[in-house]
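With the hints as extra help, turn the sequences into a complete structure.
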Amino acid sequence: MTARARGLDRDGLRARLIGMLVAMVTASVVVVGAAAVTAFDRAVEPELANRTQLIGSIVRGEIQRALEVGIPFDAIVGLDRYLSETLEKFEEVDRISVTTVSGQTVAFVERSTAASIFERADLGEVIAFRQTAFASSILDGNQLVGKVTVEVSPLFVQTRLRDVFLDVMVIALVAMFVALELALAVAMTSVGKPLERVFRLLSEQREGNFLHRIRPGGLGGLGRAAARLNDHVEDLVERLASLPAAVRLRIETTMDARIAAGRPLELRLSDINDIRLALFLFSVATEIAAAFLPLYAGAATRPEWLSAELAAAAPLVVYLVAVAALSPFGAALARRFGARRLFLASVPPTVLALAVIGFSGDVVGITFWRGVMAVFYATATIACQEYAIRAAPDRGSARSVGAFVAVIYGGVFCGSALGGLLAGRFGFEAAFVSGAAIAVLSGVLGLFAMRGRAGDPEPAPAPSPDGPSPRPRFGARFHALLLGIAVPMNAATAIFVWYLTPLVLAASGSGPAEIARVVMLYYLAVVLFGPMVARLSDGRIGPLPLVITGALASSAALLSLTVWGGFWAVVVAVAGLGLGHTLMRAPLHVLALSSAGGASAGLSALRLIERIGAILGLAASALLLGDIGAENCIRALGIAVLTGVTLYAIVEITGRSRSARLG
Amino acid sequence: MAFFIRIWAAVTLVNFAVLTVFVALAILQFGSINSGLVGERLVVLAGHTAAPFEAAAKIGLPLSTVRNAVALLERARQTDDAILAIHVFDASGRIVHSTAVPAPAAVPPGAVAARTAAGGEPWYRETAEGFFSSIDIASRDGVTAGGILIVYPGGGNITRIRAMAAELSLAAIAVLLAVAALSALLLRVGLRRQIRMFEDIDSAIADFERGAWRSAAGRPIPVAEGDVGELRSLLAAAETRYRSAGRALAAARDDAP
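Here the protein sequences line up with chains E and W, keeping their order. In case it helps, the working numbering puts the first sequence at residues 1 to 663. In case it helps, the working numbering puts the second sequence at residues 1 to 257.
Treat the hints with care, as some may be off.
[Said to hold, decoys possible] Cβ-Cβ distance ranges computed for the label pairs, FRET-style:
| id | chain 1 | residue 1 | chain 2 | residue 2 | range |
| --- | --- | --- | --- | --- | --- |
| 1 | E | Pro46 | W | Ala9 | 12 to 22 Å |
| 2 | W | Ile158 | E | Gly70 | 48 to 58 Å |
| 3 | W | Asp255 | E | Ala227 | 28 to 38 Å |
Hints in this document: simulated from the structure, not taken from any laboratory. C-beta: ideal position from N, C-alpha, C; glycine also.
In structure tokens:
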């Protein structure tokens, strides 16, 4: 059996599942959506008729009263204004017209707002079947003099259902991620891991080692094989134990097999997949407020000396400070206490912090508990990263780190989208409480899934006989990469995506659900295109062009907001920034490693400096926001990104030409 | 087959969750649309009905003194047969004119609470006592002189929501079943390599087990080939080792004093 088959061809399975899940969930939502619009249309038809009839009768009554006092039909003053006021009260009405019997228009008002893309959708036209125009006759005494015509938008129901459709699209996207993780977990727990366990025990028993047993379970024959192999061990152990001590000693030296002296130990195998679902859910839980935290903190009560802008930024700044402060010690903690114990210990404080934030009314409480959550977010994610690295056959490989990053971003994407939706529909408290519940679930899953040896404490590495390793020396290219690319990239994420986007969209009337749909676009790019960029970076294109293209694209995305504004401009900028950062993120790490001569200290320095850059940038923009406004903040950010990439490109080109001259 | 069924069940479960959330959100939205449509219409009707009373209040007359008040109210009530009653109440909440016979003495407590919460703005609300819609009538000095209250049957909205819930649930169940059948086909075809791999493992273990019990009767265990050959040979080697260790233990026991 090939190694590929033994690993159940995880990547192939994932790729196939994604396609099938997209097809199935989309088909379900579209068909039920069409059914809902049709049913809604039919159900509201009588009420819409009542409303239209009422409008007609009120307008007709007013006109007839004027006619009764002798005012000529075409000389009624203020009829247009009266119709406009009526139009404002009934949002489903597109037009009201008053015409004479000869067809001459006496008054006409029309809603000025143009039909949206959704309203113009062909699907809406097909499934809307209501009558859209209603006419009431106008009498002057016994004479028919004209009519009032009220025209109703045929897509009224669709526009009222727009938010439901958008929310369901978000839910469908989140569900696809959950389904994917669930299906992979099912495949791994049913076949992948039991097969691996059976193989390991078989390999031992083939060599004559009957020292271990494995966890029973697995589908069909795998379960039977596990039971049989466990029984081999238990039978031999029992029979050996029943022998007199002298005979036992003799046979242990002569027999070409080794049998456990007491109860056989369980083989605890570790796999990267052990952490996937728990980490995914933990990430969903902790990022549940990603789309609305500045709004939530900005609206909370605050000390007099704290401006609204700083209050909105405070939880984000404290979050970044806490993560930056704890990250250097996370790995040591995971080794000291074990990744499993550290992860499980991080869950209860996270649950508590989420619940308390949800019910905090003041910004100090929100900021403090967000900081607490950041500390335990750092410990939990580092614990999972340590587990993944130790579980990978080739420790520290790009695959294990890549799998870890993909799960984190999938969780952030789902958390931000889900949080916004819950906050928009049921309030901020509901979103935080849901986050706490999801965190509990992640803890339960971690408890059962992280049982491999990779979750155990690990002894500290012995000091090298050659003395401490020399301090790494970072050259100008590394510094340029750090300051010109990494810091602006992280500052742009913190300032624009986390801080300004919620504030700008909220100021233009968007609710939490709509903000979340925009913010999630940033993470969607990472989730969709991240693996492809990693392949391009490892392949023919190489990391440098990707980093420079990504930085230019993110700068263009930010500066685009100086050319046009409004909701769709922010949408395009967030998506563009997400795409630009996706192009940069993985290649940036490759370049950092190569610029620092492969030293892992290079990556540590990169992480620390980029976080400090994000903290400083966020604090600066919060301080300046009140004076210079969001547009200028974003413009300055775009210019900083552009300047950074230019600086890096100059240093890179100069460095290369110098290297070429030196031969 | 078991492997395929587990994956299919997981996918169908998630699809079920998505559709459940969709139906729940759609029903919530329908309830909101439905009560909004009725409420907005009744507010407009109340406003239109209030006009002659407001004219009286503006010149300082008490609302109870408006002549033909019941006829004015009755005309408004006839615009919709479902309207139960239209009341005119004064600033203290006492009903001074009504289409209801006999007219109640005062505005119901649910409507009083809703009116207080509205703070002088037109309002509508579904309460346990019925669906109410109301607008205040301002007097000459801008102080509230009273208002118009329209009483609409409350249960209608709930019945319509239930009917919508039933219709959408039925549609969702039908779609879920259809997509579950389609997904079974898709998964069967799309995951055929993984399913085949698992079936090969399963049959390799079954073949080994058969070979093991036949070997007890003297038939040699056949040598396996193909992709699962490694598994079969490992199973056979482990079995051989086990039997040899077991025989050694049995011999030692026989030799023991």
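For the range 12 to 22 Å, tell me whether the beta carbons of Pro46 (chain E) and Ala9 (chain W) fit it or not.
-> With Cβ atoms ~42 Å apart, the hint is violated.
Range hint 48 to 58 Å: satisfied by the CB atoms of Ile158 (chain W) and Gly70 (chain E)?
-> With a Cβ separation near 50 Å, Ile158 (chain W) and Gly70 (chain E) satisfy 48 to 58 Å, so the hint holds.
Does the hinted range 28 to 38 Å hold for Asp255 (chain W) and Ala227 (chain E) at CB?
-> Distance hint for Asp255 (chain W), Ala227 (chain E) holds at roughly 31 Å.
Comparing the model with each earlier hint shows a violation of hint 1 alone; every other hint is respected.
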